[in-house]
Structure formats: C-alpha cells, structure tokens
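> Please put together the full structure from these sequences, using the hints given.
Just so you know, the sequences run in chain order E and X. FYI, the numbering for the first sequence is 1 to 106, going by UniProt numbering. FYI, the numbering for the second sequence is 1 to 378, going by UniProt numbering.
Derived by calculation from the structure, the hints in this document are not laboratory data. Check before you lean on any hint, since a few could be wrong.
Here are a few chain E residues that face chain X, going by a calculated C-beta distance under 10 Å [what the hints assert, rightly or not]:
#1 Ala8
#2 Asn19
#3 Val21
#4 Gly30
#5 Gly38
#6 Lys45
#7 Arg58
#8 Lys61
#9 Glu62
#10 Ile63
#11 Ser68
#12 Ala91
#13 Gly92
Being a predicted model, the structure only gives us computed values, none of them experimental. Backbone N, C-alpha and C fix where the C-beta goes; we use that ideal spot for every residue, glycine too.
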Amino acid sequence: MVVRIRLARFGNKHSPFYNIVVAQARSARGAKPLEVIGTYNPVPKRPTNLYDENPNARPYKEIALDRSRARYWLGVGAQPSDPVWKLLTMAGLVKPKPATYLEKNV
Amino acid sequence: MPPRVQSRRVSSILLPYLAPSSASIQPSSCPSQILSRQFSATSAPQTKLRREMFAWLNTEGAALKDHVPGETNYLPNPRNFNETNLKPFPHNDNFISESILSEELRNEIYTRVVKKKRSVRAVSVELGVEMKRIAAVVRLVELEQRQRAQGKPLALPYARAVHEMVPTTRLAEKGERQAWHEPINDLPAHPATGAQIFYPVPESRSFTRVDAGRVFSAAPALENERREAISHPSDLAEDVLNKKPGAIEMVGKGDNAREVLLPADARIPHPHLVKMELDRIAFPEERRQIVERNVKRIARQDEIEKSRREKAEAWRERSIRHIEPEGGRFDFRFQNVEFSKQTTGANGRSHKAPGRRYGVPNQSHKRGVTKIPTRVEA
Chain E
1 MVVRIRLARF GNKHSPFYNI VVAQARSARG AKPLEVIGTY NPVPKRPTNL YDENPNARPY
61 KEIALDRSRA RYWLGVGAQP SDPVWKLLTM AGLVKPKPAT YLEKNV
Chain X
1 MPPRVQSRRV SSILLPYLAP SSASIQPSSC PSQILSRQFS ATSAPQTKLR REMFAWLNTE
61 GAALKDHVPG ETNYLPNPRN FNETNLKPFP HNDNFISESI LSEELRNEIY TRVVKKKRSV
121 RAVSVELGVE MKRIAAVVRL VELEQRQRAQ GKPLALPYAR AVHEMVPTTR LAEKGERQAW
181 HEPINDLPAH PATGAQIFYP VPESRSFTRV DAGRVFSAAP ALENERREAI SHPSDLAEDV
241 LNKKPGAIEM VGKGDNAREV LLPADARIPH PHLVKMELDR IAFPEERRQI VERNVKRIAR
301 QDEIEKSRRE KAEAWRERSI RHIEPEGGRF DFRFQNVEFS KQTTGANGRS HKAPGRRYGV
361 PNQSHKRGVT KIPTRVEA
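So, in structure tokens, the structure goes:
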C-alpha cells in the first residue's frame, strides 16, 4: 500500500486548519496517521501595522514543516498529494509537478 | 407632559478645537410630541415611575444637568458633602473612580519614549505610570496620529468632556515633583501562590521569600551553600538578569516541568527600586550617588533586555522562511518544526509535537477560555 503525504482537516466549521500528515493512502482522513510533520493554515493573515502603511503588503499563510522528516519520507517513496506537492515545491523539497495537459494541448 | 430630557452638548467655551459654527447648538424643541398620540382618545397615562423620574429631574436632578469642568458630576453622596465626590454609586463605597492620564501627560509619555528614545522602564519610574500603560499610550498616540494623517474624524468633544468629568493626573510643571499616577511596582499574582500550604518550619531555620517560592512550586529546599550565597532575596533578580532566561531552575519532569517560583523581589516589574531602597538605608548620606547608581542599573537592565529581545527577534526571523510567489495573492511563511521522540513524548500526545493532536479533545469551547485576542502580535 502506498504511503502518502497529505492534509488532514482539523478546525471547526468555516475555520479550516490542516495537519500535514504521513499516512497510508487508504486510511481515513481523520484516522491517526503515521506521523504529523507539519501544519497548514489556509486562512490568510494580514501583516499587522505594515498593512496600513503599505497597502501592497500581501496577506500571508502560515505553514509549519519538519523538513528533515519530509525529506526522509519522500526519499523512501511517499507520494505527496497535489496540495501538499505545491507546499513542498515552495519549501524547495520537490520539483514542481509536471503539467501534463501542456503536452496534450501542444 | 413634562419636558423631555434634552441631550446637552459640551458648552462652546470648552471646545477650542471645534469650529465656532458647529459649537453653537440650539436646544431642539419638539413640537411633534404634542401630536404624537393622535390615534388615542384617552389622555396619555403616565406610569408612577415615569412621573417620579420627571419630578426628580426638575428638582434634585436639575443640578446635574450641566457639569462643572474639573469636577465629577456624580449623584451627591448623602454621607459626605464636603469632599470631592469620587463615588459614582453613592451606596457603593468601594467603587472609586480612578484618575486617568491628562492629555499633556500622555503626550509627554509619547515624546519621551518615541522622540527622546528613553526606555519604557525609565519613563515609567520618572512619571509613575505602569510600563504596560506606557506601552498602551505609545500605541494609541501612534494610532491617533495615523488617523489624523488619514483625515479620519476624531471624537475630540467626547474626549474633552470625559477629561473634564473624571479626575486626571496632570503633568508636573517645571521644578515641581511629578505626582505618581498609580503604583508601578505591583506584584502580579502568580497562580502557584494560590494554594494554601501548611508548611511547618523549625524556629531555628531561616525561612525567606526564596524558600517560600520553592515551597509553592514543590521544589526541594535549597542546599546550605547556595542559601548562604543569597544575602537578600533581591539578589536573585540580579541573577535572573545576568543569566539567560532559560537558566531559571526547573522542577518536575516532562510535560509537568515548570520554573521554580522566584521571590517577589525578582518578579516585580521594577526590581531595581528594591536595590535603591536598600542603598538608601545603607548609605543615608550619599543621595546623589544612590540616584546615579540606580540610573546605571536601569540602563544596564534595559540594555540586557534589549539585546535579548533583538536576539529573539533575529532567531524568529531566521527560523521563518518567507516565500513570495510571483503573481499570487498570498505570501507563505514556512516555519521549522520538529517531529521526534522528544517533541511527541512517550505516548505521542505531548503538546510540543507539531500539529493538532489526535485523541485529545479540543478545549476551545470550555468555559473560561478566552476567545478574544489578549495580546498584540508583531
């Protein structure tokens, strides 16, 4: 069975919060994972103070990640889900996911 | 029908900042009141309470319609007429309205902290205002200036009326001694001191505040050598200042680990004031040297605290990676966390581990949990 790195939703209604987890692919979303290697808060935060002075300051999203564990799990063949792939790309741990639709269209 | 209670505005003499046109306000008369019950054939019945209210407003209450600037406008206290009335509720002697900062004083605080770059601690001692209040004043004055710059309206008449009707602490004139606004060295109540402990001590043994703190935090008693090294409990404040914050002794294991409660001398906001008082007792003649020494102490403490703050800030900046994707709406901040045996604990449920925990109920809906933000995030 495949081991995946994926998001597990926590938080209440209308306030999502995700654990970045390493879990067996066919286990339930809320099941206890193998490891929790980080968190992802999809609700953007405004940088305080700065925001009034600089209206171009963009809101930010917070991600916590154990890079060494992520690297280990990728090394032993864990497959990141699409959203996690994007996060790991930004963290510089994997290459961007190849966009296959480009080849089809060309 | 008795006249309606009219909303009076502050008299125009008190509003130097307002334009003269807006300051002169005629009391509005309401002729429509007479016609207001045109569908009812019976005369307007009045409740007894309403009648009494108007009777009171025309007799005793008439004196309270306008306030005298510089005096409170509270109900007269039947027990003492002579003194300044500071009790808004005549039957509650424990409720006393406290002074607020005058405009000049708060502006002076802002000038000293922001323009003259004095430390919050030093300004707090000079003006007798708590350090937390100083920080709040600086933030609020900054906010006010920003609002002025943006051309947003300010509630100046309201502010002025409030300042006239409550006691204020004014800024001392030149050569005058500044009256303290509030006690600045209050000891915060630590939850560990809430327990009632019966702890028998032999008469022959010296038992100080240091020992009491250890008893409260269930730490073993100090060894004799270390106890003898402490001449006064305020020495510990110096130790805490010199060492890193992590150097405070810990007691307990795992999740239960906690810092040993320090004596009050080290936990008060201004420990240097204790040292100064000790100096005064020891050297009653050397007044100037004592003050100089205290200024040095404050400067040193500020310097240490500042470098500590800067280090923490730099560490935080280093541990967070800012990713700013082009063309996106958001930035991303990556923080390093650690998933290991140390962070998850033996049963995997330690709160130090990253992420929300499994098998541990969320306490956010429990009674008494504060949901509003209680601190300002940087």
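> Does Gly92(E) hold up as a contact with chain X if the rule is Cβ-Cβ below 10 Å?
OK, holds: Gly92(E) within 10 Å of chain X, min 9 Å.
> Any CB of chain X closer than 10 Å to the CB of Gly30(E)?
OK, holds: Gly30(E) within 10 Å of chain X, min 9 Å.
> Does Lys45(E) pass the interface hint, meaning its C-beta sits closer than 10 Å to a C-beta of chain X?
9 Å, holds
> Can the hint on Ala91(E) be confirmed by a CB-to-CB distance to chain X that is less than 10 Å?
Holds, because the Cβ-Cβ distance from Ala91(E) to chain X comes to roughly 6 Å (cut-off 10 Å).
> Close enough to count: is the Cβ of Lys61(E) nearer than 10 Å to one in chain X?
5 Å, holds
> Tell me if the interface restraint on Glu62(E) is satisfied: Cβ within less than 10 Å of some Cβ in chain X.
5 Å, holds
> Quick check on the hint: Ser68(E) CB to chain X CB, less than 10 Å?
At about 8 Å, which falls below the 10 Å cut-off, the nearest Cβ of chain X leaves the hint on Ser68(E) intact, so it holds.
> Ile63(E) was flagged as interface toward chain X. Is the shortest Cβ-Cβ separation under 10 Å?
Holds - the Cβ of Ile63(E) comes within 10 Å of chain X, reaching about 5 Å at its closest.
> Against chain X, is Gly38(E) within 10 Å by beta-carbon distance?
6 Å, holds
> For the restraint on Val21(E), tell me whether the closest CB of chain X is nearer than 10 Å.
Hint holds; Val21(E) Cβ to chain X Cβ min 8 Å, cut 10 Å.
> Tell me if the interface restraint on Ala8(E) is satisfied: Cβ within less than 10 Å of some Cβ in chain X.
Holds: closest Cβ of chain X sits about 8 Å from Ala8(E), inside 10 Å.
> Can the hint on Arg58(E) be confirmed by a CB-to-CB distance to chain X that is less than 10 Å?
5 Å, holds
The structure agrees with every numbered hint stated previously.
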